[in-house]
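Visitor: Construct all of the structure, not just a fragment, from the sequences and the given hints.
The listed protein sequences derive, respectively, from chains A and B. Basically the working numbering = 1-based index in the first sequence + 3. Basically the working numbering = 1-based index in the second sequence + 2.
Hints were generated in silico from the structure; no laboratory data involved. Only a predicted model underlies this, so the values are computations on that prediction, with no experimental measurement involved. Yeah, the Cβ is synthetic: ideal placement off N, Cα and C, and Gly gets one too. Not one of these hints is a red herring.
Lysine-lysine pairs mimicking DSS-like chemistry, simulated, CA-CA at most 30 Å apart:
no., chain 1, residue 1, chain 2, residue 2
1, B, Lys728, B, Lys777
2, B, Lys771, A, Lys201
3, B, Lys832, A, Lys201
4, B, Lys771, A, Lys210
5, B, Lys392, B, Lys438
Ranges between beta-carbon positions, derived for each pair:
no., chain 1, residue 1, chain 2, residue 2, range
6, B, Asp674, A, Ala184, 34 to 44 Å
7, A, Phe158, B, Leu833, 53 to 63 Å
8, A, Ile294, B, Thr673, 54 to 64 Å
9, B, Trp900, A, Ser225, 19 to 29 Å
10, B, Glu435, A, Ser225, 31 to 41 Å
11, A, Ala184, B, Leu833, 17 to 27 Å
12, B, Ala667, A, Ser225, 53 to 63 Å
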Amino acid sequence: MADPTMMGSGYLNSGNRSGGSKACTSPSENYQLARRRTLQVVVSSLLTECGFESAEKAAVETLTEMIQSYITEVGRCAKANCEHTARSTPTLSDVVITLVEMGFNVDTLPVYAKRSQRMVITAPPVTNAPLVPKALMAGQKRIHPAHIPSHFPEFPDPHTYIKTPTFREPVSDYQVVREKAASQRRDVERALTRFMAKTGETQSLFKDDISAFPLIAAQPSSIPYLSALLPSELELQSLEETDSSEQDDQTDTENNASNIIQDDPGADKENAVLPPGGGMPSGKANEENMIDNPYLRPVKKPKVRRKK
Amino acid sequence: MNRKKDKGFESPRPYKLTHQVVCINNINFQRKSVIGYVELTIFPTVVNLNRIKLNSKQCRIYRVRVNDLEAPFIYNDPTLEVCHHESKQRNLNYFSSACTAAVSAVDPDAGNGELSIKVPSELWKQGDEMKVLKVYIEFSLDQPKGGLHFVVPDVEGSMAERAAHVFSFGNQNSTRFWFPCVDSYSELCTWKLEFTVDASMVAVSCGDLMETVYTHDMRKKTFHYMLPIPTAAPNISLAVGPFEILVDPYMHEVTHFCLPQLLPLLKHSMSYLHEIFEFYEEILTCRYPYSCFKTVFVDEAYVQVSSYASMSIFSTNLLHSGLIIDQTPLTRRCLAQALAQQFFGCFISRMSWSDEWVLKGISGYIYGLYLKKTFGVNEYRHWIKQELDKIVDYELKIGGVLLHPTFSGGKEKDNPTPHLHFSIRHPHTLSWEYYKMFQCKAHLVMRLIENRISMEFMLQVFNKLLSLASTASSQKYQSHMWSQMLVSTSGFLKSISNVSGKDIGPLIKQWVDQSGVVKFFGSFAFNRKRNVLELEIRQDYTSSGTQKYVGPIKVTVQELDGSFNHTLQIEENSLKHDIPCHSKSRRNKKKKIPLMNGEEVDMDLSAMDADSPLLWIRIDPDMSIMRKVEFEQADFMWQYQLRYERDVVAQEEAIHALEKFPTPASRLALTDILEQDQCFYKVRMQACFCLSKIANSMMSTWTGPPAMKSLFTRMFCCKSCPNIVKTNNFINFQSYFLQKTMPVAMALLRDVQNLCPKEVLNFILDLIKYNDNRKNKFSDNYYRAELIDALTNSLTPAISINNEVRTVDNLNADVRLILEEITRFLNMEKLLPSYRNTITVSCLRAIRMLQRNGHIPSDPSLFKLYAQYGHFVDVRIAALEAVVDYTRVDRSYGELQWLLELVQNDPVHYIRHKILSMMAKNPPFTKAADSPLCNEALVDQLWKLMNSGTSHDWRLRCDAVNLYYTLFGLTRPSCLPLPELGLVLNLKEKKAVLNPTIKSEQGPGGSEVTPTMTSTSTLEEEHVVMEPAMSGVAMAPQGLKRKAETPLGSSPEPGQVMQEEPSVKVSVKSREEEDIDMETVHDSQAFIYHHLNMLERPSTPGKEPSSVEQPMLSMPGTPMPILSKESMSSKHGDHHHHHHHHHEHKKKKKKHKHKHKHKHKHESKDKDRDSRAFSNSPASGRSIRSPSLSD
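Guide: Okay, here's the thing in structure tokens:
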């Protein structure tokens, strides 16, 4: 009883503050709004009883808040008292004790209730109490064994204290994985290219609608052959990945160049179409120093005699 | 021409070159200029050598010294402007003959040259002693348009950081573009080459690098090269750039060079070069002739491969990483080609242009042997078939290709190839396409010779040529052995007969001395009674490009009992041949059937004719005739041939034939082949396309899923989910190629509405969607590109309602999907470019296809952006192709102009060439149809382009000629205004018609008589100009006069005479522009003369050259006559005439300068009047006569 109100009040306040323009739609909100309105009516009638003719909205609001807090506190304490005595539903005596503890003279209550000038307030409109969202039911709850009385609380869901079974296997179906990978990649690509197209210059295939099928503008580069011939980072990276999956030892990732070459001998395995390429012999690097090639020789210093 | 004689062949020059020094002191990348000198050591072979002719184009020559004495010189290049700008001729026949004459006039093989040096008289006396002369020439090149190509990327940094480089290039002998030389393949000498370049650069050239020395300021270094092997100037080359150097790990004398950052690619691409070396050395039993070999990879290359003495220059785009499959065999082929040309082409050179076929033939042939060894017999036979088909198609379409043209007596009239619109007399007047076909035919003919004399003898002949040459190369010049390094047709044939003892005369006569191919039509009937196959082979030898074949022909008949070869004799009148069959029909039903290769197979014989034992018949299965065979046999025979014949050529022929038999049986045969992984992958790829054609023909009766779909699913899709393709694994290349091809072929399928079936389109879209290359060790860029090609193939014309404008909203749903993919691919390519930008290329093609089919608005602006300089060359070509297509479809004058502009201004020579050849292939209009694009201005523009605009690049000039031919034909373009003569004689229809244009012309013209007069007078003038050009080599001066009176010696149709009225207005304009050009050239020369003659040697001889030169420049009509006289005299040795001529000059020497000025004024006045004449002055029509008439 008390909990929803408490939560509701907090919610309502914020809801009111953020502006009434928002129409409340959910049933639980409706329910709480109705209660709150009733409280406001109560406050207003009490004020009238006391002889006020009008009140500022803020004052009414403050008073409503106070009264709500008071009632909430009564509810909370009553529940605490009842639970203290190992029960689950508060009784009248719990409420009385609460009121006493809060310094309220209980004896004055019947007189006050029967005062002559009290106003009768219509019951709040019947709205459905909000459905408490059902806790996620997972698995079969255990029933009490014979030695536990039936009024004891039920066992919680088994997954909370025994094990957490997974209902579906983690998606390992090949088709779904491929599907997912494909659409994921496509989404990424599309988002990326759209972004690039939005942020940069574009060209369009249609004159009437430039935004449809935007093409990233073609920019000439000064050295076009470099990007066209050299493998992209991504290709090299994926190459490394496949390599490492095949041969786990290989951890050298810095030297891309050597990677390409190391890949060569692999290409020779299938010679049906292409002739064997013959990888670079590994020891060659050392030999290179000894190779006598005119292009590797040091450049000579000019001779002293002057050329004509 | 007998190369066995010690004397060697006769040089057309009065001297012999022995050694040449080329020294380039300075290469300025900023200004794109080069300064240097050459020194030629020559031995006079005549007593009084007073004139030395050398080749030199576009070089600015500062001084010439002969043995340290200043020598006067003349620099005249008639090829700069083929037809003089005065000429109003616009017919191609005229241009061709003028062009040939111009090229002849400077042809080193005729002893001519652009640069004529007068040997100082002090040295004449020495002539008796035949002393060595040293000709020293200082020259510079500024912004060369040909010969050398500078690539200077526009980025920050020093030239080396910018990867700026320069390299030599050219079509055939084009070395004269970058230094003065004897630019002939037959003039060999030893070389000393020196190049001083920036210290951060490397200069790679021919021969051995002796040393590299810093200059004194240590900022530059000089590369000293020595080439001790006698080499012709056209085989000298140079490449300078900040190259990365890779010494071949297998052969340390081989060095590879590439541009910065590409070293890893270079390492990979060059890793198999040593195998090619080994192969050639082994088959030729001869070591590689040079002591070193260099490969240089440059950007913006003129051709993919060019070979020079001990080095080859390649396009940098041949380099690839290990990730790339498709480029690998292509690059290997290029390397093999280059290396083959090192032996035959560089080391062994040719005597004359008509011997070119031997070199191209041998290098192509041994390259073929390499292909056979490396890529296998299937690939080799497939290649041979491809080449044969290519040459046959070309010859049947364009006309014969003549390998060994003989120009008997130099009579122009005996044009051996009258069907061509260009002359084959010189390599520089050949259309590029023709030259490619020439090379193709040459190596095929070598193969025919091999068939005749066996490969063993063939290789012995090559070995003999090489060993003779290498003996000769090590000799001193004085031994007169160097001519052994030149190959000639007769020498080659003699070697063959010596080695093999066989007479191959008829073969040579048929395929080398004669052009054309053979076209066979075959059909047969089986005579059951006689058990004889009656074969009928007919020939078509009347169509263009064909010739008659007489001789043996091999026919292979596959019968039930085995395969049998028969050699039939094709004779004059026998069409029918009876071939006895070996097997009785259906005797042994159960027996296996033996094939040609000895294999025995089970066949399902239910399809065949029960009465006949014939399974299939093949005519000339070894391709030992240059032929096209159209053979008729029943569909089941083709199917048997496809399934069971093991020769890939037979399989391909069967596939081709089956296109005409759309039956379930054909379908089954093709599907079986497709599935058979034993079968050659290229056959299977062809089967894909055939299958899609058959499926389309069988549309109504086709059952089951679309062709190839289930096959593809089975081969490449996941077992568990057949709609998803497996992740890529291209480890098996055959499967890879098949996987690439099948979707492309499937996309050609059509349903009843002639649309690509929805199922197929979705299938392809799924392939794209599920394509996953993460686990693949190869790049999938070619695969993805082909998937885009598949999308392109699936497109069909849009249904358009009232030509509505294409908008996004009315986009077809399928097209929207396709466009979505293309957009994404194209955009992704910007972020992650693929190798050679294959994907962009495919996307551009797809977009153009969408435009052409009316799905999206036709618009060239996107392509124009991609065609800009600065994109990768493949992308540019694809974009330009789209613009060319747009120009044709939309008949856009603006785009046509834009393309022509690019032809003139683009920095990349290859692009210019491609634009013209693409335009010739897909012309904006043709001579057959009227087009709004066809107008006078265009005629003049193209004429100017080929006349003078392309003088720096022979290939481009020939491309321009080709385009002109495609657009306007041989005769005068029809769009030019008709002559304002009252009557037009149409000789073909034999009637005279009142000139329809007269009325409209009269109004604005304001004068009725004048135009007619103008036209007649110009006509006369033209004939005078034109005649000498024709008779350039053949005619004596007397003949010249006589001919001048008979109109139109060159244009064959007399009807043309009447249409000679040129477009005066436009031509005047262009003429004036040209005039300015001419004058600036002239001025710069005058400037040099001034400096050399006035300042340094203020005395006499300086005037002599100008006196000869200036009339040439000044008189519009005269260059041809002079030129023709000169060329003629040298050809026939008509010294008398020559001297006379010379004498005349001497006489006039002093007055000429005055005369020149006077004439020049006169001319310009004429021009003014000329332009006015068109509008009002009636008198001027007569006075327009050019000075040449009075000569």
